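Chains A and B are the protein sequences, given in the same order. Each residue of the first sequence is one higher than the one before, starting from 1 at the first, in full-length UniProt numbering. Each residue of the second sequence is one higher than the one before, starting from 1 at the first, in full-length UniProt numbering.
Don't read these hints as lab results, they were simulated from the structure. Note that the coordinates shown come from a computational prediction; the quantities given were computed from them, not determined experimentally. Treat the hints loosely; a few may be bogus.
[As the list claims (entries may be wrong)] To give an idea of the interface, some chain A residues facing chain B are shown, with a C-beta separation under 8 angstroms as derived from the structure:
#	residue
1	L21
2	I171
3	N220
4	G243
5	N244
6	G249
7	E250
8	I251
9	H253
10	A254
11	R321
12	V330
13	N331
14	P332
15	A363
16	S367
Where a beta carbon is used, it is the ideal one built from N, C-alpha and C, also for glycine.
Protein chains: 2
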Amino acid sequence: MPAEPATVTGTDQRPGSQSALRRRNSQRIIRALMTSGRLTQAELARQTGLSTATVSNIVKAMVDGGLILTSPTTSSGRRALSVTLNGRGAVAVGVDFGRRHVNVVLVSLDHRVLAEDGVELPLGHQAEEGIEAAAQLVRRLLVDTGADAGSLLGLGAGIPGPIDHRTGKVIHGAILPEWVGIDLLGRLREAFGIPIFIDNDANLGALAQVSWGPYQNVRNLVFLKLGSGIGAGLILNGAPFYGNIGVTGEIGHATVADHGLICRCGNRGCLETVASTSTMIDLLSRGRSEPVSTEDIVRIALEGDPAALRVIDDAGLAVGRALANVCNLVNPEVIVLGGSLTGLDAILLEPVRRGLLRHAVPAVGESTELAMSGLSNRAEALGAATLVLQQAELPSL
Amino acid sequence: MPAEPATVTGTDQRPGSQSALRRRNSQRIIRALMTSGRLTQAELARQTGLSTATVSNIVKAMVDGGLILTSPTTSSGRRALSVTLNGRGAVAVGVDFGRRHVNVVLVSLDHRVLAEDGVELPLGHQAEEGIEAAAQLVRRLLVDTGADAGSLLGLGAGIPGPIDHRTGKVIHGAILPEWVGIDLLGRLREAFGIPIFIDNDANLGALAQVSWGPYQNVRNLVFLKLGSGIGAGLILNGAPFYGNIGVTGEIGHATVADHGLICRCGNRGCLETVASTSTMIDLLSRGRSEPVSTEDIVRIALEGDPAALRVIDDAGLAVGRALANVCNLVNPEVIVLGGSLTGLDAILLEPVRRGLLRHAVPAVGESTELAMSGLSNRAEALGAATLVLQQAELPSL
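Start from the sequences and build out the full structure, keeping to the hints where you can.
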């Protein structure tokens, strides 16, 4: 499932050569263990597509090298060898930068969450503030877990805005306008001094579903993040999909109201102008002395407030209709809803499903599973850590 | 670019083994030659990602086996070895089944069109009639080219309807309702007695653009077929994309008019109900003694008929708007328009581009190339032949 690292250099590492073959097979095994944690040799063979003999040979060499650990276990009642990476204390960092928060997770090579925490940030904060807050969190969590800063493999960061792969910069229209156009990769490298990997937050939410969530075997999945912005992350044929310039899943900018409100992207009547939490807050704050918060919306809807229920139903229908277009186009197996409204459960899922089934080609709508994310607000940071596990230089290969 | 054949059986062909490696490398070289025709060894190395040493070794073995032919040439002023498959008379058949036609092409292993022809069929014809017409065409073209029926590698067929990969059947809502639910693969196998590969016609149009058209190096391409139905074929990361059940690119069924006409898919106000050639024919036939044909529409629009120009402009805008959603989601590098209206050129392209730019996220719309297909009505049949070149059992491996 994971994408191979982008660069393979040197003649002996050309894809057709013997040494490249052995290296690729070893990497497959390590990536599988990073992604899934503990596996038997038989499971490793299945996941990597390698023969059990090849797996067994490579595992033996890696045990000798101290790179992995094995222990006897049973599988379907038979004796088996359970394999896990010797984490050697190596740690991957995942950071989720939001409009009003930053969340951090530390994960180990053997696919365990070591520590996690987050802080709130003021609306409209500059990129520097977000980066500094993340750096403080990472330092504190390292101390808490007793890990060593030298053990950091790399840092993955999720950004709530599309990233143009031609320039590596957040493009105009991002939910964090203060972050547009800055050299984020450079700033993060400077602040942390370790390898940095960045991606759009919805893409990372999708990646988290197939690496930490219950969908490890799903090859085509859409993660829809519904918050003050609306964006989707796509897993197609088992890997995150980036298209031509890296800007994919922008369903928040489907036109749904011809003469609707002007959107931050420059167009008019986009889905975001009718179904984002910002729009819900606007609608439900009228006539109140204090504006409602996203948490308030969830609370009063669960209490049965008719205005909140109506606003959520309308938003859900609009989102479902946009998802129908997504299904008609890329026909995913599963759609997972994430963002700040997951606590609404059926109150939100039901109108989304109604909109989806009403507007999708019947055979497609009926065969698509729709579910609420079970990773709550950790999805993006976990996906960011997966970026590191999938793309960072592998230790001592 | 081509997908690997689906089945690899036997322990010695597990992806990690030596013999599997050599087999895969040989296949890469053959597939590259099938797809591109004649290549130098250096170009082969670039296209397959193999080292020049590996390419040279395999080419040598294949020359000894009589499978390929080499000849001296020059490349950038230097001496080089040009490699081509020894076609040995092997032929791939591509068939495009339409609502009122069937087109057939015969192509050789070394990527040349040997013969092509088509016949018109009555609207509402049964699958049997279409298959029999195709069989007659194939027999005649074989005689014309002096090829032997024993030399047929396989037959690819394009169907104007979505194919459910779970059952292999055309699903409800296809443009050929008479073909829904029949076991097409079985019928074609019976009629031709050679390996059969089928796909949706829009998918094959997309495949033709990257195998026979000018877009051989484009990794993300959308082919939009605009005719009595509207459907898209997707090339994502260099290969046709099929999603979960095989039904992708169904943008003709995006809802664009809430209280619009009932669509053959069972929904209401789909793009097809406002922008298909059937709708154009309905609109432009009112008040005429004879209904206009698609060819008439092209002709009178080129003559400047105001009603035709208005109908095409409205349809183009609606198609462009739907394509904006496609761009926002999968961010292709190129969109190619095909179907029965390609003769309209700028008259159709211009409103499509206007709709696309108006509704796409600006960075995405501006970076997407939009062009008319240069393969005219051969695209689908050529794509069907490519299916065979990519998926048929390779000769004497």
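Hints, verified against the model:
At its closest, the beta carbon of L21/A sits 6 angstroms from a beta carbon of chain B; the interface hint therefore holds under the 8 angstroms criterion. With 8 angstroms as the threshold, the beta carbon of I171/A comes within range of chain B, its nearest partner Cβ sitting at about 5 angstroms, so the hint holds. About 5 angstroms separates the beta-carbon of N220/A from the nearest beta-carbon of chain B, less than 8 angstroms, and the hint is met. At a threshold of 8 angstroms, the smallest CB-CB gap from G243/A to chain B is about 3 angstroms, leaving the interface hint in force.
With its C-beta approaching chain B no nearer than about 4 angstroms, N244/A sits inside the 8 angstroms limit, and its interface hint holds. Because the closest C-beta pair between G249/A and chain B is about 6 angstroms apart, less than 8 angstroms, the hint holds. The beta carbon of E250/A comes within 4 angstroms of a beta carbon in chain B, closer than 8 angstroms, and the hint placing it at the interface holds. Interface hint status for I251/A: upheld, as the beta-carbon distance to the closest one in chain B is roughly 6 angstroms, under 8 angstroms.
Because the beta carbon of H253/A sits about 5 angstroms from the nearest beta carbon in chain B, less than 8 angstroms, this interface hint is met. Taking 8 angstroms as the C-beta contact cut-off toward chain B, the hint placing A254/A at the interface holds, the least distance being around 5 angstroms. The restraint placing R321/A at the interface with chain B holds, with a minimum CB-CB distance near 7 angstroms, inside the 8 angstroms limit. The restraint placing V330/A at the interface with chain B holds, with a minimum CB-CB distance near 5 angstroms, inside the 8 angstroms limit.
At a threshold of 8 angstroms, the smallest CB-CB gap from N331/A to chain B is about 3 angstroms, leaving the interface hint in force. Interface hint at P332/A: satisfied, since its Cβ lies 6 angstroms from the closest Cβ of chain B, which is below the 8 angstroms cut-off. Annotation: A363/A was flagged as interfacial toward chain B, and the flag holds, the nearest CB pair being 5 angstroms apart, inside 8 angstroms. Interface hint at S367/A: satisfied, since its Cβ lies 5 angstroms from the closest Cβ of chain B, which is below the 8 angstroms cut-off.
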